[in-house]
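The lines below spell out each chain.
Protein chains: 4
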Amino acid sequence: MKIKTAVIGAAGYTGGELLRLLLHHPQVEIKYIHSNSQNGKKIDEAHPDLIGESELVFTDQVYTEDLDAVFLCLPHGKTKPFLESHRFSDDTVLIDLSTDFRNESNGFVYGLPEVNKSKIGHSKKIANPGCFATGIQLALAPAIASGLPANNPIHITGITGSTGAGKQLSETTHFSNRTGNVSVYKLFTHQHLKEIRQTFGQLEEEFSNELLFVPYRGNFSRGIWITAYFPFTGDLADVYKLYEDFYAEAPFTHVSRRDIDMKQAVNTNKCIIHLKVEAGQLIVYAAIDNLLKGASGQAVQNLNLAFGLEEHTGLALKSIAF
Amino acid sequence: MKIKTAVIGAAGYTGGELLRLLLHHPQVEIKYIHSNSQNGKKIDEAHPDLIGESELVFTDQVYTEDLDAVFLCLPHGKTKPFLESHRFSDDTVLIDLSTDFRNESNGFVYGLPEVNKSKIGHSKKIANPGCFATGIQLALAPAIASGLPANNPIHITGITGSTGAGKQLSETTHFSNRTGNVSVYKLFTHQHLKEIRQTFGQLEEEFSNELLFVPYRGNFSRGIWITAYFPFTGDLADVYKLYEDFYAEAPFTHVSRRDIDMKQAVNTNKCIIHLKVEAGQLIVYAAIDNLLKGASGQAVQNLNLAFGLEEHTGLALKSIAF
Amino acid sequence: MKIKTAVIGAAGYTGGELLRLLLHHPQVEIKYIHSNSQNGKKIDEAHPDLIGESELVFTDQVYTEDLDAVFLCLPHGKTKPFLESHRFSDDTVLIDLSTDFRNESNGFVYGLPEVNKSKIGHSKKIANPGCFATGIQLALAPAIASGLPANNPIHITGITGSTGAGKQLSETTHFSNRTGNVSVYKLFTHQHLKEIRQTFGQLEEEFSNELLFVPYRGNFSRGIWITAYFPFTGDLADVYKLYEDFYAEAPFTHVSRRDIDMKQAVNTNKCIIHLKVEAGQLIVYAAIDNLLKGASGQAVQNLNLAFGLEEHTGLALKSIAF
Amino acid sequence: MKIKTAVIGAAGYTGGELLRLLLHHPQVEIKYIHSNSQNGKKIDEAHPDLIGESELVFTDQVYTEDLDAVFLCLPHGKTKPFLESHRFSDDTVLIDLSTDFRNESNGFVYGLPEVNKSKIGHSKKIANPGCFATGIQLALAPAIASGLPANNPIHITGITGSTGAGKQLSETTHFSNRTGNVSVYKLFTHQHLKEIRQTFGQLEEEFSNELLFVPYRGNFSRGIWITAYFPFTGDLADVYKLYEDFYAEAPFTHVSRRDIDMKQAVNTNKCIIHLKVEAGQLIVYAAIDNLLKGASGQAVQNLNLAFGLEEHTGLALKSIAF
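Chains as they are written, first to last, in the working numbering: chain A, 956 to 1277; chain B, 956 to 1277; chain C, 956 to 1277; chain D, 956 to 1277.
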């Protein structure tokens, strides 16, 4: 008996990435793929790399019956009205990839398995985290939970691939502009800081530290790199132990004792973390794929948890490595 | 009962890519991974993206007993002497990724499944094709087998990613040189032309056409693009039918009626083909990943054939798409 | 006494590149810069790299008086109606970067200095060649003028940077699509073939050879690479002599006896050419910068010729090299 | 009367970039170009983009007579012994691009014109700054000189192109590794911090702030991006005024009131700076070309100062822009 799923908003980057995963997921059956713009087209017209994998056809209709799980890949701000006008059964698991319910409103649980695994396993409504938010939370969660930063500000830089900006055309994703280039955006004001603070507040009630986050546009298509640091006087070995213990049950989040680079995580659902102590600071590096662990891969991981499947199911992905 | 395998020369690009595939292959057990340079090191010291996936340790010893299949990922010219000094059982399937036996000497069969599937299925010795050779043969095999090019020269350009040049350092793979750059190498003399002519001679006994092949170094890491054309006066619809029929049983080679680009095939074992008739020529485009369908993916496909497994086993790979 | 110039359509890629050149040109004074979209904005709002170089402000007005030279950087098809509604003095040199007058209609001369230098020097109306057209003509002109290809088809591939597609947003210039990718467009039907045939017909009256041109989209922003070949039984040394003699007076077109790559020409007004004889073919490689020798640099070269200046004036540009 | 110069170590990246500039410098005559590895070869064998520009031939001999200026482009640590074994006239201006004399030992002056212009103008020995050091100092000098950071730590990230790592081959400049990738190196310990602290100590005697510098390897060949910030309670307009005043006489360092990206400075000698106040911090962005303002361009600027030439001489470079 497979899990009957639908993907709403299946023509964009996160929707497409979900389809790539679900088509190979051994426990999933895709009942329909929804898109307003691609209605009537075959799946590989919008996602031509899927040639030969499926005969699914996009529909602009929303069928609410007979579904075990629905993935919502709508633009930010659109899921809430969508769910108001389309009522799924209370038994249907909803996994929302937008920001709409990341504040855990309307009964949604924040879907970061490394922190919320058991809640996710018992939930029918899961708000999938943002990409930068995933990288930053995984980089810092063990430290926050242990109160390591005390009251110090935490300094964070993140570099994201162009797919983070979505499929629509824009100046900053024009190839001629972006190739060989670097720039900063939303300096210290990135919208993901909100969900990050929420989680950190759950991990450490008193958490009120400044989070100074500099987000960069990188000239690559996939991947997120995070560097985070704060003052620290302890021992690196203890921090490694802390992180390894914290992630002992996390099948995708790996603590590397060797230096890392971003591509090690690209095209996988992994988060790879490395730690350093230098100049009186504890420094954490984290690498993820923004579309996988940062979006659609984590959504499948949440599906697995919600249905009691092994977390790796359908997520044994091959890195591009080089 | 899993297939007991070993990978000889497992620290390079094709060896590493094989490990990435074999670790997720449901029917394979890796008995050991061999490397002269990495002896004693854990698998993820050479291939850090594999963190968390395996505890295997490289050895510089070659164990010849109790193996169902051995993958040989040695430099070109090194497999032959290696097999002379290391005798595997006659029951062990040997899959060689070097050029050494692509001339089908010493009982080896040329491992291009789209052309040689039944021979591969009955063989214990498989010479895995070259990357450009795979792309060019798949682009042209149906046309050659039907005699379409008559006596005309066939014009071919190919553009390859930097991983085709291997892991060793060189001027032409120095990032500062290669990024934003294009150049040609081995003009009209690429070594893969030999195995291509051999296959075409098997498909069409009289085959003696000129093959004018311009190989380009592209500024990307993975992928091969092939454009091939020759004079043609027939009907495009007939050629589509010809190609679709030829590849009807080929699970990875897809004929697309829509225009294609290279990335559709990158990080998969697919070959995607598109056809055109223009200016009195039949034109064929083909896209593959040089390390997968052009090397390690095809090697696993050959393993599957040799052991009677479904060809997709362990090869349901997610494209990077963008 | 400086040459008083204006640039019509100065907000796009070729217009902007012209401004970068003209601002450093010792004999030029820019009277005004025209743009419908940027009216009232300072030059470095549209071209922020020009910060600190000029206080010019865009205007959407067209002043036709008191100008020695006007550069027309309008979209293809727009120059003709523009000149019908705006009458410049007969003494004003018009240099048009669009396709509108490349057929040498309305008294325009085709502005390829290597072929038409003296005509350009006596002309007031110059149609600046297309980017691919420049590369292909320079690659082949000496051979065509000497009748080397006889009646044989000529096979040409060209790879262009993304700036060739202009500033407007499009799917094929979306960074996420284009990076790490390759594709073909306008196969055998590229619009530049027209002006190429025209020039070749002027060089060799009987010229009627097939030109089979495969244009590629490359994943870099600047540069064009051309490979062209045809059957040939002569001696390479003779062809080198032929090319070197043909380009003896061409200050930007260099024949290299060593192998070349594309970046050697990027960000310069050079065309670098290399020759080979292999497999019974004469092969020519040519590298240019599509925005310079392929557009705005050549426009300045034409200005220099029209005003009797040394051709290098304002064009001693530093390559990026790496 | 031209300035008679020599370039010692002219085959590497900074040496080559110097040659590109000096060949177009109207007041410079290159007497010889020195290289141990390229002895006897023409200039365009090592720097093929220079085809057609010069007939200079490399020599491994060092001629110390009859030179107005010598550029030393030797590896770090090699200039000092070189100058001990080769004595140039006391009248010869020495411009060293290595780290050897950046501590202003042996009578060398630190060659950052924005800070040391008059000293450079009176010096015969100039130690050219490091690339990251240039970017970071220009980003912060006005603030430091005004004591804005008080005692607060200053947080800095820098992203550098691959040419910063030089011409030699290495794992981290292998195209297959670096493309689409990001990593950190020399965290908080970069060697340029030394010269930065020295300058800041000259600007503000009491300077003893922590400088926490995270250097990134970017996947582009040229350019450096700097983000620096520290706590600040003042007014952004005042800081703009401060910076604009500080750089009023600096012909290459521009303060942009509009947001910036790195490519605006690439292939020019500019440093482009942008300021923000956000979250109680003053943030400075700075963009330079690591090989120009960060090395060879600044060396020419220093030559101009040492010989009383206008600073722009030979440095009116065209940006690549896109």
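There's no promise every hint is true.
A pair counts as met if it fits within one copy or between any two copies, since identical chains are not told apart.
[Said to hold, decoys possible] Calculated lysine-lysine pairs in the DSSO-like style (CA-CA distance at most 27 Å, straight line): (1) 959 <-> 997; (2) 959 <-> 1196; (3) 1196 <-> 1033; (4) 997 <-> 1141; (5) 997 <-> 1231; (6) 1231 <-> 986; (7) 997 <-> 1122; (8) 1149 <-> 959; (9) 1231 <-> 1035; (10) 1033 <-> 1231; (11) 1141 <-> 959; (12) 1196 <-> 1122; (13) 1141 <-> 957.
The set of hints was computed from the structure by calculation and includes no laboratory data.
Outcome of the hint check:
1. With identical chains, the CA atoms of residue 959 and residue 997 are at most 27 Å apart within one copy only, with a shortest distance of 20 Å there and 41 Å across copies.
2. In this assembly of identical chains, residue 959 and residue 1196 lie within 27 Å of each other by CA distance neither inside one copy nor across copies; the values are 41 Å within and 36 Å between.
3. Taking the shortest Cα distances, residue 1196 and residue 1033 never come within 27 Å of each other, neither inside one copy (42 Å) nor across copies (44 Å).
4. For a Cα distance limit of 27 Å, the shortest separation of residue 997 from residue 1141 across copies, 25 Å, qualifies, whereas the shortest one inside one copy, 37 Å, does not.
5. Proximity of residue 997 and residue 1231 under a CA criterion of 27 Å is satisfied inter-copy only: 22 Å between copies versus 49 Å inside one chain copy.
6. Proximity of residue 1231 to residue 986 under the C-alpha cut-off of 27 Å is found in neither arrangement, the shortest distances being 47 Å within a copy and 35 Å between copies.
7. Taking CA atoms no more than 27 Å apart as the test, residue 997 paired with residue 1122 passes inside one copy only; the shortest distance there is 18 Å, against 31 Å between copies.
8. In the homo-oligomer, the alpha carbons of residue 1149 and residue 959 never lie at most 27 Å apart, since the shortest distance is 33 Å inside one protomer and 50 Å across protomers.
9. Taking identical chains as interchangeable, the C-alpha atoms of residue 1231 and residue 1035 are never at most 27 Å apart, the minima being 42 Å within one chain and 35 Å between chains.
10. Proximity of residue 1033 and residue 1231 under a CA criterion of 27 Å is satisfied in neither setting, with 41 Å inside one chain copy and 32 Å between copies.
11. For a Cα distance limit of 27 Å, the shortest separation of residue 1141 from residue 959 qualifies neither inside one copy, at 39 Å, nor across copies, at 43 Å.
12. Taking the shortest Cα distances, residue 1196 and residue 1122 never come within 27 Å of each other, neither inside one copy (40 Å) nor across copies (34 Å).
13. Taking the shortest Cα distances, residue 1141 and residue 957 never come within 27 Å of each other, neither inside one copy (42 Å) nor across copies (46 Å).
Checked against the numbered hints given earlier, the structure breaks hints 2, 3, 6, 8, 9, 10, 11, 12, 13 and satisfies all the rest.
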